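Student: Residue numbers (the numbering used here), protein chains in the order written: chain E, 104 to 414; chain G, 104 to 414; chain D, 104 to 414; chain V, 104 to 414.
Since the hints were derived computationally from the structure, they do not count as laboratory data. Among the hints, erroneous ones may be present.
The list makes no distinction among identical chains, and a pair is therefore deemed to hold if it is satisfied within one copy or across any two copies.
To be verified - In silico DMTMM-like links for lysine to aspartate or glutamate, alpha-carbon gap of 25 Å or less:
no.	residue 1	residue 2
1	K250	E126
2	K406	D290
3	K250	D360
4	K406	E347
5	K250	D195
6	K406	D169
7	K165	E400
Remember, it's a predicted structure, so these values are computed and weren't measured experimentally.
4 protein chains.
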Amino acid sequence: MTMPTPLTGVVPPVCTPLTPEREVDTASLVRLVDHLVSGGVDGLFVLGSSSETAYLTDGQRKVVIDTVAGHVGGQLPVLAGAIDMTTPRVLDQVRAVTAAGADGVVVTAPFYTRTHPAEVARHFRLVAAGSPVPVFAYDLPVSVHSKLTAELVLDLAAEGVLAGLKDSSGDEGNFREAVLGARGRADVPGFSVLTGSETVVDAALGMGADGVVPGLGNVDPEGYVRLYRYCREGEWALARAEQERLCGLFGMVRVGDAGRMGGSSSALGAFKAALFLRGVIACPATAEPQVPLSSGEVERVGKFLAGAGLL
Amino acid sequence: MTMPTPLTGVVPPVCTPLTPEREVDTASLVRLVDHLVSGGVDGLFVLGSSSETAYLTDGQRKVVIDTVAGHVGGQLPVLAGAIDMTTPRVLDQVRAVTAAGADGVVVTAPFYTRTHPAEVARHFRLVAAGSPVPVFAYDLPVSVHSKLTAELVLDLAAEGVLAGLKDSSGDEGNFREAVLGARGRADVPGFSVLTGSETVVDAALGMGADGVVPGLGNVDPEGYVRLYRYCREGEWALARAEQERLCGLFGMVRVGDAGRMGGSSSALGAFKAALFLRGVIACPATAEPQVPLSSGEVERVGKFLAGAGLL
Amino acid sequence: MTMPTPLTGVVPPVCTPLTPEREVDTASLVRLVDHLVSGGVDGLFVLGSSSETAYLTDGQRKVVIDTVAGHVGGQLPVLAGAIDMTTPRVLDQVRAVTAAGADGVVVTAPFYTRTHPAEVARHFRLVAAGSPVPVFAYDLPVSVHSKLTAELVLDLAAEGVLAGLKDSSGDEGNFREAVLGARGRADVPGFSVLTGSETVVDAALGMGADGVVPGLGNVDPEGYVRLYRYCREGEWALARAEQERLCGLFGMVRVGDAGRMGGSSSALGAFKAALFLRGVIACPATAEPQVPLSSGEVERVGKFLAGAGLL
Amino acid sequence: MTMPTPLTGVVPPVCTPLTPEREVDTASLVRLVDHLVSGGVDGLFVLGSSSETAYLTDGQRKVVIDTVAGHVGGQLPVLAGAIDMTTPRVLDQVRAVTAAGADGVVVTAPFYTRTHPAEVARHFRLVAAGSPVPVFAYDLPVSVHSKLTAELVLDLAAEGVLAGLKDSSGDEGNFREAVLGARGRADVPGFSVLTGSETVVDAALGMGADGVVPGLGNVDPEGYVRLYRYCREGEWALARAEQERLCGLFGMVRVGDAGRMGGSSSALGAFKAALFLRGVIACPATAEPQVPLSSGEVERVGKFLAGAGLL
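Just chain E, same shape as in the assembly (with noise of 0.2 Å):
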């Protein structure tokens, strides 16, 4: 389907159910989206980084995205992460991501080698050459390691390289630069800026911001989209407190010992917990090398759950 301009909404990054056997669990795959579409978000993103898909192989990339655009595909947008190191690779990952069905890119800037705002630029200029559909700027500097301002980011829009930014790097000062000059110029109509950071949607919306896209809203997509609406009707008091209740679900991110697994591991085991829990995925298994939940964490991750009234 033709992406909206802007893209608006709620917009998840659909997590990877696997089996225990680390393949992709299609079954599970499905009725996540099964879930989060009846949950009433606006679009979908898969492969991106609470995809996993830093740890999915090329096989089982192709068998998320054609799983999920064979189950969704024409009913709502889904985007599709094209993350890979440079170029030549990305443009591997847009070609195979868009002929089984995405309806848009998301890319990073260059990341392993070492690299140059000159040369980000180019980058994201030959990537929408080579791409059929639009290309969405992806700001992860936790793991891309450069930050992509505003500045940069407005002025690929202008040229029509870029159709938004999908912003995950937690610098809302920033973030309110491109939501502003986003409205503000005339050369980048309908250009798109969706924030990637569950705790603080409430705010990015009140700035201006077109769309979220939460990791957490696997867990409580409902939660999401009703935070969005109030937003939307300028409910400030109700989004605040649908958006702490949030805030407390979020702690199940940290319910991995520090010591024994990296920051990784425990976030995004606790969403599969939680989605495990909630019975929507057979398996709450994470690909490796991440260092699975105990079940002692796991527990920990059912009382965020019945805190959040989700249990």
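We have chain E; now place chains G, D and V onto it with these hints.
Tutor: Using the frame of chain E, we list chains G, D and V on its own:
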């Protein structure tokens, strides 16, 4: 062929010549390999950082390893990088390069994801379990954004997981600790410690390192072979003079204007310009999105070659 | 005077006017304080980052606190930075500023040294034990190179060590966690959470923050006072419009050429140029070794003032 | 006394013994200085990182330089750290230590503030203009969070600004570039390049470094003096054996539990425990807020001493 234990000597990371259209130039690649072999090197390392592996598609990577292993297979050991973000993706790379004939694989810690020492260890264990050939750890914090400590590497060697360390960290203190451990510990027989730091090879060999993996060795393999031999013979004054000549030559990595391009573009561009000027490869192009050297910058590369007696 | 618990409202970090010879210009400093007080601010924060405290000698720091406390002492609370590398040096700074009349001190984690969460906690405990006035933690990772987590700060508050948090980290997720903890935990009554991020004040107050410490408040105190009042009154549309005007004004921090000077020089130079152009201070000089703005750059500051209706 | 040009030999950074109450223990400091001088060192460096200068008040710093300069003044050169955040504060430190008799000062780039290469150069120029004694640049990125390139340092040397470089960066590539520049450039006569890296002294001297500033030299000055002599005499096998013995001894820096304290606490705690166990100083206390070694950890320091033949 069977990997020597330990692997020793000069094992250059082989540049990947490209055509003007940025496809692998196999004729030039074969000439480059011949240039290295006739220069006296002890092994080849393809698909490493100096090979622009981060910029090569999987198809291009296959062309590279097929070409090199096909050309020299059995004559001298061929190490291949299996560079990707996490365990499942690295294992795909391992399968590809070993099917094509790699005698050993070179693997980094996970990147792009946030990780943890326990997960780094788990990663190497799983990769080794899935690899038909010996695994060398690749320490490259500038790209991977985490550091492999000597202790972790040696403990994994003692478990039979790692066959060697390719250290491009520039951290000579930790490097020496790895060398001393490799010599001093009874539980790591045959473990190979290799430095990737072009300008301190005499120092590394003086500490007891097994070998050297110099990007600049593409340009002047004879120089590094002489340097290695002087060090092995205890001819430290000759070694130092040879090393200092190579330090002068290495200055080429900074010909690129830092205001216009990244450090990677400058260094890889210079190596390729030098190979072009020496008549080894047909085209000095680097992969996208690297900014190419200007003609004035290429000219300065020529001056470095002349200064080192290579033109 | 006794520090309000919690401290609320607009508490600008007071710039330190200098003479052309780089001595503290006390006449200008008094005028600046009057400008802020008549603008309606609720407190003053001297010797913070925007005050160039890192550039002031101990003698100059004493002149600043003597001048400000002498001029406004008792009228409104005066917080003073006690910025130094480690506990013993910070305690010397605490003694100096409290002897001169500071009503509260603002203290970072240790810097320059490598540190550890247990040592950060120990540091704040020892500083609080040696301080006759309340201690506010100052979270400024760009300078200190470590992060104060909400959990650590709130636990120290519960121990009676910390009276508040001045957050200039730009990490709004952790900030909100601190705000929610300050409100939700029974063991931290009166704890004050203040943001130093000029461009997201409406968002921070919307989350429940107690107050704001905006460097840009030197230039336009009335603007921040209005913004604060709109937020407190729930006039979110007015708040957003005021905040967006201030976002536009904040653009001045980037007038300085990044190829010629650091970000600090540009931002502090712009604030001082604006105060000079508005007639508040006699000389826009910044401390050594900051590169001064060019006359063209100062002119551009004037355009930002005009754009925000301040000239 | 006049600083030799270049300064050469073993110049240990002198630890600062403290009483149990964390005051400078001048009697122990004098004994430590005698221990170093009788060990054959060529100079002393007080108020550096190994001296815990970041933890000493200005009053304590004065006691240190008064004590050391008063005790050895004129016998051998005394370098003093003038460690503070920016130019004006560094100049105050320079005045204090030179008034007390320092023969040279050691100065870092600005820290805590965001800086820029042009401002780093301006900083050193202003410090040198205000210093009655030669200025050595101190490269310590782990503390200062910026890097001094060989090119910048040598250009400042050519201007007459810098007399030497004390490199504790662990970046031996840049170090070698500084050494080669110091020898190869006609415009930097007498420039001294010193390494602070305890475990690669043989390598550094093999490259042509002028001297060494080893924290571990407090514990075993004779060892470093022997090592220096072997290197100067070209006795590389003896040098390597001596260096490897010292590498073993250096292992003490990791006795402290990383879960309980920072790396600084562990390393400085170990050096002081070793000096205490060897009977040189009266109390092994380190400054606040460093977590002290446990008795078990101190015992392990003893084993390192025994292993190196020092107990």
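Student: Compare the structure with each hint and give your call.
Tutor: The hints, checked one at a time:
For the homomeric pair K250 and E126, neither the shortest alpha-carbon distance inside one copy (33 Å) nor that between copies (30 Å) is at most 25 Å. Taking the closest pair of Cα atoms, K406 and D290 come within 25 Å of each other only across two copies (22 Å); inside a single copy the shortest separation is 48 Å, beyond that limit. In this homomeric assembly, K250 and D360 come within 25 Å of each other (Cα to Cα) only across copies, at 19 Å, whereas the closest approach inside a single copy is 29 Å. For the identical chains of this complex, K406 and E347 are intra-copy neighbours only, at 16 Å inside a copy versus 40 Å across copies, given an alpha-carbon limit of 25 Å.
In this homomeric assembly, K250 and D195 come within 25 Å of each other (Cα to Cα) only inside a single copy, at 24 Å, whereas the closest approach across copies is 30 Å. For the homomeric pair K406 and D169, neither the shortest alpha-carbon distance inside one copy (35 Å) nor that between copies (53 Å) is at most 25 Å. Taking the closest pair of Cα atoms, K165 and E400 never come within 25 Å of each other, the shortest separation being 32 Å inside a single copy and 43 Å across copies.
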